[in-house]
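A.B. asks: Chain by chain, the residues run as shown.
Number of protein chains: 2
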Amino acid sequence: MSTDEQASHPWNLESPLSAVPAAVDTQLQKYLQQSQQEFSHINPLVDGAIAVLRDFIVNGGKRVRPTFAWAGIRAALEGGGGSLDALCGIGMDAPSSAPAELSAHSTAVLNALSSFEFIQACALIHDDIIDRSDTRRGFPTAHRTFESRHRERGWLGSSQHYGVSQAILIGDLAFAWADDLYNGSGLSINALHRARPAWRAMRTEVIAGQILDIAVEANGSEDVADSFAVIKYKTASYTVARPLHIGAALAGAGERTVNMLRNVGQDIGEAFQLRDDQLGVFGDPEVTGKPSGDDLRTGKRTTLINEALRRGDAAQATALRKGLGKGEESTEADIERLRDIIHDTGAQAEVEKLIEARTQRAIESLRAGGLGADITTELTQLAEKLTHRRF
Amino acid sequence: MSTDEQASHPWNLESPLSAVPAAVDTQLQKYLQQSQQEFSHINPLVDGAIAVLRDFIVNGGKRVRPTFAWAGIRAALEGGGGSLDALCGIGMDAPSSAPAELSAHSTAVLNALSSFEFIQACALIHDDIIDRSDTRRGFPTAHRTFESRHRERGWLGSSQHYGVSQAILIGDLAFAWADDLYNGSGLSINALHRARPAWRAMRTEVIAGQILDIAVEANGSEDVADSFAVIKYKTASYTVARPLHIGAALAGAGERTVNMLRNVGQDIGEAFQLRDDQLGVFGDPEVTGKPSGDDLRTGKRTTLINEALRRGDAAQATALRKGLGKGEESTEADIERLRDIIHDTGAQAEVEKLIEARTQRAIESLRAGGLGADITTELTQLAEKLTHRRF
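Chains as they are written, first to last, in the UniProt record's numbering: chain A, 1 to 391; chain B, 1 to 391.
Do not rely on the hints blindly, as some may be mistaken.
Chain copies aren't distinguished; within one or between two, either way the pair holds.
Calculated cross-link-like contacts (lysine to any residue; reagent style SDA-like; alpha-carbon spacing at most 25 Å) [said to hold, decoys possible]:
no.	residue 1	residue 2
1	K326	Q348
2	K353	A108
3	K322	F391
4	K290	I335
5	K30	G220
6	K385	R149
7	K300	D47
8	K326	G154
9	K353	Q33
10	K300	G157
11	K290	Q37
12	K300	L45
13	K62	L279
14	K300	S158
No lab work stands behind these hints, which were simulated from the structure alone.
In this text the structure is predicted, and so the values were computed from the model without any measurement.
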């Protein structure tokens with residue numbers, strides 16, 4: 001491949017994990033543009049709604065799920081018992097002699113990786129309605145965008161309800177297109193067939209995790225088992241374990257590798273969310289970009305908070321319950337007092353221990369996993385980065 | 001096959017269109033039970049939410065989309081250039097000598113047909129949120145069911161918002177399972193591949209139609225072109241044309257048959273919705289089960305109403321606009337006056353003419369379509385029934 005071709009096709013089947021976000025960004029833009037064109041005949045009003053989805057998707061995101069899916073594929077290919085033939089089907093026997101084919105296969109992989117971002121778009125757009133969030137990544141949320149348009153144009157009826165309604169629908173559209181992009185990716189039919197149970201599980205688990213999240217918030221549960229179940233399905237499975245699983249299954253990894261990656265993914269994912277719990281209480285607002293003591297102000301019963309309530313004596317628990325969920329009412333001193341209680345109960349240290357244990361277990365499993373040096377190193381670094389992050 | 005076997009497997013690859021609803025009902029129950037079991041380990045609260053989806057799906061519906069999809073398959077098989085081999089793949093060469101195989105293929109077809117009802121469940125559950133509907137088929141809508149549970153249990157936060165949130169999520173779950181059931185139906189991989197563009201178009205079009213519907217309601221459009229575009233995508237494509245198209249593509253119909261069925265489906269679907277417009281104004285509440293002059297009371301700008309506004313003189317249009325959307329305020333005499341105006345503008349007769357022209361064109365195309373006598377007759381009868389119905 002010449003330098004020119006590399007410049008226009010920077011993504012290939014040897015790309016490192018770190019190359020995923022930029023490559024996925026490009027592919028998403030392309031797919032969105034094509035799809036918008038494909039359905040532009042329906043009506044300009046529909047076109048305008050699709051544009052909101054497009055802006056939402058291209059305006060950032062760390063592309064974590066595509067990255068783990070690529071890690072799963074590479075793990076399968078680099079010592080995990082998989083093959084390019086299993087992934088891409090016929091035509092992969094002699095990739096070196098067929099650069100055009102190779103490029104088609106690279107694109108197929110990139111399509112499949114990008115499809116995870118459409119599921120994420122649906123999840124976030126619908127979550128933002130449920131959480132009544134006004135902004136996401138510094139931009140108005142989808143339902144607020146539709147609401148503003150309605151208001152600016154002086155349209156009939158409730159602007160607020162109109163915003164929610166259109167956001168429900170473009171979330172649905174994103175979910176439909178996730179399946180279209182994934183199943184029409186160009187990956188081999190056998191690959192898609194092998195990964196079908198994992199694809200099904202991922203989508204069901206993230207929805208189930210969210211159903212559970214709002215149910216335990218509503219029933220006032222302070223049970224660590226409940227908050228942990230939310231972590232398990234809404235974050236760990238969906239964000240790490242299943243993307244790794246799907247990638248590995250697509251590329252035909254052996255059962256031992258698949259199981260190892262799923263366990264590693266579950267550990268990394270749980271540690272990732274527990275880190276989020278810690279940052280939600282102890283994080284530096286200058287670094288996280290979120291308000292100081294964000295989870296304390298919202299009063300969300302995270303695993304960290306529930307652990308503190310469980311461990312605290314009666315006075316500590318009472319003080320915590322009284323101080324949580326006060327929003328802007330809490331002064332910085334109030335927040336600091338709540339932090340001290342959580343620290344004093346030993347919950348902060350316990351959660352830190354849980355994070356460390358999971359991260360270490362994941363890294364040891366990876367090192368003993370028999371995969372190639374490159375993917376082992378890259379995945380280990382990613383695990384460290386996600387679980388030790390400060391934002 | 002013995003009589004006993006027939007009783008326990010009443011569905012087979014020669015079943016008439018009229019057999020679809022009962023067969024789909026049974027298959028949906030089975031799939032929902034299996035799926036509920038498959039994810040029962042997550043949490044009883046999730047199980048309870050899935051139960052709401054199950055009740056929603058099994059509590060009726062006419063199974064119109066599965067019926068048209070089966071019509072598309074049969075059209076392909078009965079003179080349309082398709083084959084059982086195209087539909088079900090290897091193993092269909094000698095069906096008569098392999099009753100076990102035949103049963104597996106029947107099940108695969110039934111899975112694919114049933115999957116349309118999961119899309120419909122998502123569409124209806126989300127539509128009911130958007131339309132703020134309290135009941136559906138005589139039962140509380142999904143968001144109202146979750147809302148009641150929340151209230152009865154004295155849970156925290158807004159019962160209304162909780163209901164909407166959980167209903168958004170189980171609608172999403174239904175949408176995910178539609179794809180799972182369809183792509184995992186057991187139909188041949190080539191069949192699914194052939195039908196992919198139609199499957200994509202159907203899902204995008206129904207969402208786009210709904211986006212358009214609420215946008216033109218909000219912007220106050222009284223343009224016949226706008227209300228007709230909603231009919232075209234939200235109803236005709238989604239309910240008739242695309243299910244026929246998907247069925248035909250799955251079974252490998254020739255291009256001529258596919259195009260004929262798509263046109264026929266578009267005509268039947270448009271006539272079906274225009275009949276709905278007529279019944280919404282002129283229908284007998286004793287027969288329709290809906291309030292007298294339902295569309296007049298809601299003030300929805302249907303094609304019939306827009307046609308009346310377009311044709312009416314200034315006095316008629318003013319009287320119409322003034323009288324529409326008054327809900328319970330309108331007396332039976334008010335409704336009767338509005339009906340008279342719509343009749344006098346010629347809109348009623350014009351819409352009747354549109355229905356008749358579409359129905360006749362569809363029937364003529366079917367008769368000239370070169371398909372077998374059975375499917376031609378059954379589809380013709382179905383077209384007549386749907387477009388001449390009184391409820």
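A.B. asks: Output the indices of the hints that this structure fails to meet, ascending.
C.D. replies: Violated hints (numbers, rising): 2, 3, 5, 6, 9 and 11; every other hint is consistent with the structure.
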